[in-house]
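A.B. asks: Chain residues, written in single-letter form:
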Amino acid sequence: MNPLQLALRVLRVDRRTQVSTVLTALGVAVATGLVLLLTSLPYATQARAERTLWQHPTGFTESGGQVSFASSDDQVDGQVITRVDVAPLVDPADLDLPPGIDRLPAPGEMLQSPELAHLASTMPASELSDRFGAKPAGLLGEDALMFPEQLVLLVGHTPDTMPANAYQLPELAAGVAQPDGLLTLLAGVGVVVLLVPSLVLVASASRLTAARRERRLAALRLAGATPAQVTSMVAAETGLAAVLGAVLGVAISPVLHSLATWVPWGGGTWFAQDFILPWPIVVLVAVAVPVLVVGAAVAGLRRVVNTPLMAAGGHTSKPLNKGRLLIVPAAVLLFFLTLSMAKDSSAALLPLLASLGFLMWSPTIVGPWVTSALGGFFTKVWRKPSALLAGRRLRDDPKAAYRASAGVVLAVFAGSMALTLMPSLESEAGYYSAYRDSVLYLSTDAERAPAIVDEVDDRLERYGLAARAAQVGEVQLKQGEEYLQGYVVSCANAEVLLPVSLDCETEPAVYAPSGAALETVSYSTESTPDGGASEKLAPLGVTPVAASTDVVLIDPSLLPAGTELSNVDIAVPADGKSRESARTALLAASGGAQVISKEMKLGEQNSELADLRRVTVIGLVTASVLGGLSAAIATAGSVMDRRRTFGALMAAGTPVHTLARALRAEAALPALVATVGAGALGTVVGVGLFGLVSESVPVFSPWLAAPIVLGALVAVLAASVCSPALKRVRAEPLADE
Amino acid sequence: MTSLLSGRGLVKRYGAAYALAGVDIDIAAGEVIAIVGPSGSGKTSLLHVLAGILRSDEGVITLGGQRVDQLSETKRSELRRTEFGFVFQSGMLVAELTAEENVALPLLLGGRDRAMAIDTARTWLGRLGLAGKEARRPGELSGGEAQRVAIARAIAHRPKVIFADEPTGALDTKTGHATIGALVEAAKETGAAVIVVTHDREIAAMMPRTVAIRDGKIEQPVAA
Numbered sequence: 001m002n003p004l005q006l007a008l009r010v011l012r013v014d015r016r017t018q019v020s021t022v023l024t025a026l027g028v029a030v031a032t033g034l035v036l037l038l039t040s041l042p043y044a045t046q047a048r049a050e051r052t053l054w055q056h057p058t059g060f061t062e063s064g065g066q067v068s069f070a071s072s073d074d075q076v077d078g079q080v081i082t083r084v085d086v087a088p089l090v091d092p093a094d095l096d097l098p099p100g101i102d103r104l105p106a107p108g109e110m111l112q113s114p115e116l117a118h119l120a121s122t123m124p125a126s127e128l129s130d131r132f133g134a135k136p137a138g139l140l141g142e143d144a145l146m147f148p149e150q151l152v153l154l155v156g157h158t159p160d161t162m163p164a165n166a167y168q169l170p171e172l173a174a175g176v177a178q179p180d181g182l183l184t185l186l187a188g189v190g191v192v193v194l195l196v197p198s199l200v201l202v203a204s205a206s207r208l209t210a211a212r213r214e215r216r217l218a219a220l221r222l223a224g225a226t227p228a229q230v231t232s233m234v235a236a237e238t239g240l241a242a243v244l245g246a247v248l249g250v251a252i253s254p255v256l257h258s259l260a261t262w263v264p265w266g267g268g269t270w271f272a273q274d275f276i277l278p279w280p281i282v283v284l285v286a287v288a289v290p291v292l293v294v295g296a297a298v299a300g301l302r303r304v305v306n307t308p309l310m311a312a313g314g315h316t317s318k319p320l321n322k323g324r325l326l327i328v329p330a331a332v333l334l335f336f337l338t339l340s341m342a343k344d345s346s347a348a349l350l351p352l353l354a355s356l357g358f359l360m361w362s363p364t365i366v367g368p369w370v371t372s373a374l375g376g377f378f379t380k381v382w383r384k385p386s387a388l389l390a391g392r393r394l395r396d397d398p399k400a401a402y403r404a405s406a407g408v409v410l411a412v413f414a415g416s417m418a419l420t421l422m423p424s425l426e427s428e429a430g431y432y433s434a435y436r437d438s439v440l441y442l443s444t445d446a447e448r449a450p451a452i453v454d455e456v457d458d459r460l461e462r463y464g465l466a467a468r469a470a471q472v473g474e475v476q477l478k479q480g481e482e483y484l485q486g487y488v489v490s491c492a493n494a495e496v497l498l499p500v501s502l503d504c505e506t507e508p509a510v511y512a513p514s515g516a517a518l519e520t521v522s523y524s525t526e527s528t529p530d531g532g533a534s535e536k537l538a539p540l541g542v543t544p545v546a547a548s549t550d551v552v553l554i555d556p557s558l559l560p561a562g563t564e565l566s567n568v569d570i571a572v573p574a575d576g577k578s579r580e581s582a583r584t585a586l587l588a589a590s591g592g593a594q595v596i597s598k599e600m601k602l603g604e605q606n607s608e609l610a611d612l613r614r615v616t617v618i619g620l621v622t623a624s625v626l627g628g629l630s631a632a633i634a635t636a637g638s639v640m641d642r643r644r645t646f647g648a649l650m651a652a653g654t655p656v657h658t659l660a661r662a663l664r665a666e667a668a669l670p671a672l673v674a675t676v677g678a679g680a681l682g683t684v685v686g687v688g689l690f691g692l693v694s695e696s697v698p699v700f701s702p703w704l705a706a707p708i709v710l711g712a713l714v715a716v717l718a719a720s721v722c723s724p725a726l727k728r729v730r731a732e733p734l735a736d737e
Numbered sequence: 001m002t003s004l005l006s007g008r009g010l011v012k013r014y015g016a017a018y019a020l021a022g023v024d025i026d027i028a029a030g031e032v033i034a035i036v037g038p039s040g041s042g043k044t045s046l047l048h049v050l051a052g053i054l055r056s057d058e059g060v061i062t063l064g065g066q067r068v069d070q071l072s073e074t075k076r077s078e079l080r081r082t083e084f085g086f087v088f089q090s091g092m093l094v095a096e097l098t099a100e101e102n103v104a105l106p107l108l109l110g111g112r113d114r115a116m117a118i119d120t121a122r123t124w125l126g127r128l129g130l131a132g133k134e135a136r137r138p139g140e141l142s143g144g145e146a147q148r149v150a151i152a153r154a155i156a157h158r159p160k161v162i163f164a165d166e167p168t169g170a171l172d173t174k175t176g177h178a179t180i181g182a183l184v185e186a187a188k189e190t191g192a193a194v195i196v197v198t199h200d201r202e203i204a205a206m207m208p209r210t211v212a213i214r215d216g217k218i219e220q221p222v223a224a
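Chains Y and G supply the protein sequences, listed in that same order.
First residue of the first sequence: 1, per UniProt numbering; consecutive thereafter.
First residue of the second sequence: 1, per UniProt numbering; consecutive thereafter.
There is no bait here: all hints are sound.
Now the in silico label distances, taken between C-beta atoms and shown as ranges:
(1) Y/295 x G/215: 48 to 56 Å
(2) Y/185 x G/142: 54 to 62 Å
(3) Y/377 x G/140: 20 to 28 Å
(4) Y/9 x G/174: 36 to 44 Å
(5) G/135 x Y/16: 27 to 35 Å
(6) Y/252 x G/140: 47 to 55 Å
(7) Y/9 x G/181: 40 to 48 Å
(8) G/135 x Y/15: 36 to 44 Å
(9) G/140 x Y/278: 54 to 62 Å
(10) G/142 x Y/377: 25 to 33 Å
In the BS3-like style, the derived pairs of lysine-lysine whose C-alpha atoms are separated by at most 30 Å in a straight line are:
(11) Y/577 x Y/135
(12) G/133 x Y/380
(13) Y/384 x G/133
(14) Y/727 x G/160
(15) Y/399 x Y/380
(16) Y/727 x G/75
(17) G/188 x G/160
(18) Y/577 x Y/598
(19) G/160 x G/75
(20) G/217 x G/75
(21) Y/384 x G/160
(22) G/217 x G/160
(23) G/188 x G/133
(24) G/75 x Y/384
(25) Y/536 x Y/478
(26) Y/322 x G/133
(27) G/133 x Y/399
Sample of chain G residues with no beta-carbon within 12 Å of chain Y, all distances over it, derived:
(28) 60
(29) 188
(30) 215
Derived by calculation from the structure, the hints in this document are not laboratory data.
These numbers were taken from a predicted model, which means no experiment stands behind them.
Think of the CB as a built atom: it goes at the ideal place given N, C-alpha and C, for glycine as much as any other residue.
Could you put together the complete structure from these sequences and hints?
C.D. replies: Below, the structure is given as structure tokens:
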């Protein structure tokens, strides 16, 4: 009888082996499915980047390009609108167009994404469609969209109507598409964080029959089976479940992928085809996961292969070395050492990541020792049988007790790190502008500015808004040897637009922090022999009025003739609902310039943080559920291992609920302690990493309590199986084994 | 003789097969009896029915004159915990606990405090010749020692009846006889009745009274 036939025979007759095989297969299926999903993420972001290369091209040319190109971001109701302005520089028939764009819109026409077209048809023109300044001429195809609900438009121009910031591209989708670096990194972390609990789930499932299998194999070894034969039998037994699981994992992976399409990232959800993996990768994962599982099972045979008698007769575990305790402080020290190096040099980023990996691994060394110590503590101070049973169990096999929580520990560590970082990063997020928060503005040049202001005012009047646009020029000033920033704006407009408090003079004036003489600075367009630009100074000729402002405000009528403005903004104050109309007026009048406002800047930051928060929560919850299931199976296995003893205790009158209470404590304690420890370690690392990007004090939010909640969740899940497992034991004949 | 534990017309069926086919039995306080019979004769079923582990399909069981066969599972559990003690074939001790903790466990689960439970456990282990071995685990004890720990566990709460199901099944003859001797002596100290199920005629011969069972029926009363 070959090993596979033996495995099949055992599977046919032993119900517990059947349960174990099914659970192992399910664990492998979950692991395979998750790895396939996480591996597909870089491909998915690559697919997105390739589809939207025309919106964010990475290559440009000085001359001889096919198109003149400009892009800007806009927003409506908190959703980002991507606007691309384009003018052909060659015969449109010779243009290389990306998929999803069948033709370039003619000047004054636009192609919209379906979602934008729908939105524009449901909102007043003053709040959306007027700002496009072009006639709808068709829709963009799916292949041109980042995600199904993306709001994007492609506006056609002649070269001379293009926005001021336009540049030439060799083709519309120029350059090389790059996958999202952050999501690729998170996918890598996710593989570790989710694969570990999945494999722990597999280990817990195969543990259900471990004792019985070990006795069987020990008997075979004593009967003359060679180590190689025993190893083949185990490989066949585990391989059967692992291969079934891998096939199931590949089969369920489309379901996981379709669930993943609902999870927003970078502003929107996904197309189903984004997650399609190249088949060699699928085959590689489908082979690698079972090989890993079979390898782990074979490695676990060392004891029975080496000393079958010991395995057959039980064993006593050796106490763990206290030296294990040094690993965590050493890892923390190394982490902070590499962290301080990374602050000084970006080249130290790799050592930092390596030390972070070392730190994440360190709990697996310390965890069993702490579990054992905890067990020792309970066996000394117990007052109730639950604490005694838990303490002895933890003390006896701390590695197994800790293993059940290992996946959750890793997830809680990563989660605590993220939960420390995110509120701190959120506190860093903000809107820093020269203007008041209520102001929307765009930048243009001095030549176009007056016409834009007239057009904006005209539209504001049409939309029934009282506010009017104002030009704010920027000029560099010199006061003695000191350079100052100056705004060319009337005092009345400055009071409305800028965060200053002024007592305006009745006549045009200059307002400055101090009253000394000022000169405007312009630069020669011809380079000096040393490569610099020569300064041209023009005295203001007006004594500034001292004002409580950090910048200098110059009335436009007092600016010396020929003074060069470094920039001109068109600004409109608007509050509440009038902001969408003010935005429309600015965009329509400027032909697609970038309009800047507080909500848009904050929206971008919040969107990124929301993405991070979402994937962290999904990862944590998934890892916790997997960890909880592992712990539950481990608990069931632990009850089954001691079924005869518990059966005898129940036969002797011990109520199921009393015994279940004791076992619940036994199952819950390691999970709770491990998650609290991992949470603390993750918080320390989060604080360290935050220090890398900011000097502010980290913010600790109530979310940091999440690890405790997760520990409790895992504990409850694990403990919940005690009662049914015990009831099952009670239902079995006492002598059955 | 006043009967402490009594069964009348006990019937237990498994499908169409009769494990007990109308058994009448009386056990007096402090009495020690052996139930003997070949495999499948119904002796373990009789023990489980009398102890309330299994419910009989027919018949009446009384303890101290009170019917106990109609009690709920909760009440029967309470009865087993307080009035009965059990010794099983291979001890069925909790492997992770020490000898004294194993003996103390039923007391603790019954709500006694730690000091009292451990003290009682140590006392009984001493009486059963296990002084100095209180801190050993079941894996560190011989088979006979482990069975004596099981006896201590069965008797520590001073039950009225001790049920022993093949208590020497996993022991050699000499150790088996010593174990039964220890059980009977311990029961004598507390005045508990002892019912031993065994297929070993030598063990049965050590008992003052033996009941033989075959095909679910009492075969013949065997006088001491």
